[in-house]
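*Asks:* Chains as they are written, first to last, in the working numbering: chain A, 1 to 259; chain B, 1 to 638.
If you're looking for bench data, these hints aren't it; they were derived computationally from the structure.
Please read all numbers here as calculations on a predicted model, not as lab measurements.
In this text, a Cβ means the ideal position worked out from N, Cα and C, and glycines have one as well.
There could be a bad hint or two in this list.
[What the hints assert, rightly or not] Which residues of chain B face chain A? A few of them, derived with a C-beta cut under 8 angstroms, are:
no., residue
1, 54
2, 186
3, 189
4, 235
5, 262
6, 264
7, 274
8, 442
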Amino acid sequence: MSKPKVAFFDFASCEGCQLQVVNLEEAILDVLALVDIVSFREAMKEHSDDYDIAIIEGSIARPIDIDRIKKIREQASILITIGACAHLGGVQRLGNQWDAEANKVEVYERHPGSEITKGDSNPYFAQIKHRAVSEIVKVDAAIPGCPIDSDEFGKVLVALLTGKKLPIPDYPVCVECKKNENICVFETGGFCMGPVARAGCGAPCPTHGGECEACRGYVDHPHTQAHAEVLKKYGLSPNEIMTKRTMYNYRDFEDKGGD
Amino acid sequence: MKIISKQDFDAFINALIQDESLDVEGVKAKGDKFVFGPLDSATELRLDYDVTILPPKKYYLPQYETMMHFDISTGKATAPAMDTKKVIVGVHPYDLIAIQQMDKYFFDTNVDDIYLQKRKNSLLIGVMPAKASEKAFYGDLMKDAGTPELHFDLMITDLGVLYAILPGTPEGAELLQRATSRDAQPQEIEAAKNKRQEAIDRATRGLKVGPKAWHSLLSNNYMSSVWKEMSDQCLACGSCTLVCPTCFCYDVNDEVGLDLNTGVRTRTWDGCLLRDFTKVAPGEIFREDIVERYRHRINRKGKYLPDAMGFVACVGCGRCSSACIPDIADPVNLINKLAEATMDTIPDANVGHVPEKSDLGIVASDSLYIPRTATIRRMMKLTKTETFFEIGLDDGQPLGHVPGQFVEVSIYGVGEAPISVSSPPGGNTFQIIVRNVGDLTNKLHSLSEGDKIGIRGPFGTGFDTEDMKGKNILFIGGGLGIVPMRSLIKYVLNNRADYGKVMILYGCKDPSELLFKDEIAQWENTPGVEMHRTVDTCAEGESWDGQVGVITTIMPMVTFDPLNTIAVVVGPPIMYRFVNRDLLNMGMPEENIIVSLERRMKCGVGKCGHCQINGIYVCKEGPVFNYKDIKDEPEAFQ
Ligand SMILES: Cc1cc2nc3c(=O)[nH]c(=O)nc-3n(C[C@H](O)[C@H](O)[C@H](O)COP(=O)(O)OP(=O)(O)OC[C@H]3O[C@@H](n4cnc5c(N)ncnc54)[C@H](O)[C@@H]3O)c2cc1C
Ligand code: SF4
Ligand code: SF4
Ligand code: SF4
Ligand code: SF4
Ligand code: SF4
Ligand code: FES
Numbered sequence: 001m002s003k004p005k006v007a008f009f010d011f012a013s014c015e016g017c018q019l020q021v022v023n024l025e026e027a028i029l030d031v032l033a034l035v036d037i038v039s040f041r042e043a044m045k046e047h048s049d050d051y052d053i054a055i056i057e058g059s060i061a062r063p064i065d066i067d068r069i070k071k072i073r074e075q076a077s078i079l080i081t082i083g084a085c086a087h088l089g090g091v092q093r094l095g096n097q098w099d100a101e102a103n104k105v106e107v108y109e110r111h112p113g114s115e116i117t118k119g120d121s122n123p124y125f126a127q128i129k130h131r132a133v134s135e136i137v138k139v140d141a142a143i144p145g146c147p148i149d150s151d152e153f154g155k156v157l158v159a160l161l162t163g164k165k166l167p168i169p170d171y172p173v174c175v176e177c178k179k180n181e182n183i184c185v186f187e188t189g190g191f192c193m194g195p196v197a198r199a200g201c202g203a204p205c206p207t208h209g210g211e212c213e214a215c216r217g218y219v220d221h222p223h224t225q226a227h228a229e230v231l232k233k234y235g236l237s238p239n240e241i242m243t244k245r246t247m248y249n250y251r252d253f254e255d256k257g258g259d
Numbered sequence: 001m002k003i004i005s006k007q008d009f010d011a012f013i014n015a016l017i018q019d020e021s022l023d024v025e026g027v028k029a030k031g032d033k034f035v036f037g038p039l040d041s042a043t044e045l046r047l048d049y050d051v052t053i054l055p056p057k058k059y060y061l062p063q064y065e066t067m068m069h070f071d072i073s074t075g076k077a078t079a080p081a082m083d084t085k086k087v088i089v090g091v092h093p094y095d096l097i098a099i100q101q102m103d104k105y106f107f108d109t110n111v112d113d114i115y116l117q118k119r120k121n122s123l124l125i126g127v128m129p130a131k132a133s134e135k136a137f138y139g140d141l142m143k144d145a146g147t148p149e150l151h152f153d154l155m156i157t158d159l160g161v162l163y164a165i166l167p168g169t170p171e172g173a174e175l176l177q178r179a180t181s182r183d184a185q186p187q188e189i190e191a192a193k194n195k196r197q198e199a200i201d202r203a204t205r206g207l208k209v210g211p212k213a214w215h216s217l218l219s220n221n222y223m224s225s226v227w228k229e230m231s232d233q234c235l236a237c238g239s240c241t242l243v244c245p246t247c248f249c250y251d252v253n254d255e256v257g258l259d260l261n262t263g264v265r266t267r268t269w270d271g272c273l274l275r276d277f278t279k280v281a282p283g284e285i286f287r288e289d290i291v292e293r294y295r296h297r298i299n300r301k302g303k304y305l306p307d308a309m310g311f312v313a314c315v316g317c318g319r320c321s322s323a324c325i326p327d328i329a330d331p332v333n334l335i336n337k338l339a340e341a342t343m344d345t346i347p348d349a350n351v352g353h354v355p356e357k358s359d360l361g362i363v364a365s366d367s368l369y370i371p372r373t374a375t376i377r378r379m380m381k382l383t384k385t386e387t388f389f390e391i392g393l394d395d396g397q398p399l400g401h402v403p404g405q406f407v408e409v410s411i412y413g414v415g416e417a418p419i420s421v422s423s424p425p426g427g428n429t430f431q432i433i434v435r436n437v438g439d440l441t442n443k444l445h446s447l448s449e450g451d452k453i454g455i456r457g458p459f460g461t462g463f464d465t466e467d468m469k470g471k472n473i474l475f476i477g478g479g480l481g482i483v484p485m486r487s488l489i490k491y492v493l494n495n496r497a498d499y500g501k502v503m504i505l506y507g508c509k510d511p512s513e514l515l516f517k518d519e520i521a522q523w524e525n526t527p528g529v530e531m532h533r534t535v536d537t538c539a540e541g542e543s544w545d546g547q548v549g550v551i552t553t554i555m556p557m558v559t560f561d562p563l564n565t566i567a568v569v570v571g572p573p574i575m576y577r578f579v580n581r582d583l584l585n586m587g588m589p590e591e592n593i594i595v596s597l598e599r600r601m602k603c604g605v606g607k608c609g610h611c612q613i614n615g616i617y618v619c620k621e622g623p624v625f626n627y628k629d630i631k632d633e634p635e636a637f638q
């Protein structure tokens, strides 16, 4: 069996997820034994348009992105997204609260330093509402997280190559947090999205004293109402609850008809 | 009882830490809470703690535990290497009780060798609590259920400037010889006793119904509106089960390395509050509503395990209430709420909350989890989705099953699945019929004759062929239900003289799903066998000479004396309700109806908890049940 050819592509993102792949370090050699990487801007100069597996980072932010992702989909037999930007639209999706055109004016015409871009009709500046990749083309596997977890990247690759279901759990982050024997963020005056967020990350944020922001999206059936009650009980205002919820999951808000 | 000064105690602990053959774990501070963890020095040890975030169950059933290492190319699995012997310092009595309960559970029927090995390879040093957490109520429990005989190697009581230490086992006494100590004087023994009483008195929270009466309270209130009222606030986060010292449920996963060849089969804590806990391949979830899951947990503690094991599976540690953010998991609050509605509860004298002292001398026979290797001898595609496999164990032994039992089929790197044995007993090979619906079943379908797989079992209870002797037998099979039934049909036909009239009713979705066409033709032509088949639907132009309609439409086609006939009913969950209703209407006594039920399974041996129907473990007590015995379990035919 010849090794499948893999190409990486980035859209609107910080490239942190690709960096996580580079961070596989020694394990990258094992990955290279499984697949040929033919295009990976973060780690190599060469580029090829002959690939079987496309790995996509980033959200769809401009009209030209739509054409590009559709072309990639046509070429790839398997399309994998990596990270919250591609999976959910990323934090940048919060920009969807405003009109796309108004955002463009704000960034390229009004913002300090925009003198040189003002009035430019460059298609790179054109804006649409931010979209996740799966809202434009079919996605075969979405590796969630901001950034992705290198181990999970390896596990998903193994599952795809051996024809198994993706090893991405459908229980909340609290499960992994409890297994780590953490003090719950709610007990130390914080507010946590863990009860509705999809696990699989190993709960690094509460484990290191932070709050979970649900960067991996929600479980399939989040108990959102009960969770909102808890946030309220612990002292968050409705606005603050909304801010917590939408940070990474503005997609969910829009999907439910928010806007 | 021995007395030891605090300095000498520290020296004792430090000496244990220095001993390379021991791994000394004890209670340490974590922020303003406490956890069990490896001790670097005696000064870290906090015997004045109230409660730890996780119970010491993590040493015996770790959060993530390797069950075996496997190599896919050689088809071999090996047990993980033995850990260094552990000394666990500072276990409170309620956690000791929980460990005794765990022993009873993991040693029951099928001894869990992985658990046993960890358990034998450790010493427990208990301590009388000097503080109680705000949520603890072990005092309430002990006052009702009596002060127990605890299993510990050493038990420490803080007497102020001195520690009193009581050895509980010869190993404990031997360990204590490493310390400088003297015998306790009568007033010191008395002081230790008082400390114990103080500890019990401190941990009381006004529980209105004692644990001995929980069974009765919960039975009376299964349909109470309190469950829904509480569970509406539930996050389904699973925390209440994960932190509980008496929740033992686990999930099993295969992890394969990037070499696509070597890997580990692991188990990890699971819990009945999580949505996937009862999910089976076609997507059905047996406890889908959160209220069912919420109710299950408390019933398991107060009713199901008392029924099965004789102990109330709550030790009053209060961890679940501390962990539950909406604060709905507290057993005291819940029991008191239910008690408001019904106070007329009857205590059950046979239920305690501490099982007898654990017998660690017990020996596990074989590895409970490492499968035997087997070879696929013959494969035959039966329908679009079902394939027939004939399998031989590589050790040449017959499987030794009875009709109705199942095996766990294992493929390293993919996992395991429970599959019914479809051939009658006897012979050096056995047969299974598998529908491809998910990871394991798909992989199985991609294999070829001569390929190796793993087999555990046979497991479960089969059909009672003795009891059926002399009676007419009415087989009613729906869909894949014919698969386990075929083992019994063939057995009965092989022993024809022992049984009366044989009637077989078989229904499936459409003609293309009909299994065993040739055998069915044979059965139809066997004298003394009456056979009827039906399909739910038959497309235009498809050839079909049976009936059309659901299975209940062909039931009136057979006549029999209901008092002298045994009905064997196997099919999808929905079928039972209608078929059983019609059988009862025909005048068949409840005890003449035999069913075989399916639930999500992982371990197959009564440990992982997935297959529970209320308190019944289907893998162990079933899958074959007498309808009379199971009909009152609310979850059985819902
Ligand atoms: C007592 C018993 C006898 C069975 N006999 C047969 C049979 O003869 N032929 C047949 O084709 N199927 C049978 N099944 C159903 C079969 O076990 C499932 O189809 C199978 O587990 C699916 O596994 P998978 O890995 O392909 O699917 P996945 O969806 O990948 O399942 C993952 C795991 O979940 C558990 N699981 C999923 N579905 C079920 C289920 N329906 N029942 C129990 N556990 C499940 C298993 O541990 C499985 O490995 C039986 C089930 C039980 C409980
Ligand atoms: S810290 Fe967050 S993830 Fe952890 S248990 Fe609390 S709510 Fe759940
Ligand atoms: S804990 Fe929450 S925020 Fe942190 S990685 Fe996991 S899902 Fe993302
Ligand atoms: S149910 Fe709650 S109080 Fe009872 S043993 Fe479990 S965690 Fe402790
Ligand atoms: S079934 Fe249980 S042991 Fe298992 S998680 Fe539920 S209450 Fe705990
Ligand atoms: S801890 Fe509380 S919220 Fe979480 S599953 Fe248990 S009862 Fe529900
Ligand atoms: S307890 Fe594990 S399958 Fe029954």
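*Asks:* Compare the structure with each hint and give your call.
*Replies:* Hints versus structure:
1. A distance limit of 8 angstroms between C-beta atoms decides the matter here; for residue 54/B the minimum to chain A is near 5 angstroms, and the interface restraint holds.
2. For residue 186/B, the shortest C-beta to C-beta distance to chain A is roughly 42 angstroms, which exceeds 8 angstroms, and the interface hint is violated.
3. Checking residue 189/B against chain A by beta carbon gives a least distance of about 36 angstroms; that is not within 8 angstroms, so the hint is violated.
4. At about 4 angstroms, the closest approach between the beta carbon of residue 235/B and any beta carbon in chain A falls short of 8 angstroms, and the interface hint on this residue holds.
5. Violation of the interface hint for residue 262/B is found here, the shortest Cβ-Cβ separation to chain A being roughly 11 angstroms, above the 8 angstroms cut-off.
6. Because the smallest distance between the Cβ of residue 264/B and any Cβ of chain A comes to about 13 angstroms, over 8 angstroms, the interface hint for this residue is violated.
7. Checking residue 274/B against chain A: minimum C-beta separation of about 5 angstroms stays under 8 angstroms; hint holds.
8. Taking 8 angstroms as the C-beta contact cut-off toward chain A, the hint placing residue 442/B at the interface holds, the least distance being around 7 angstroms.
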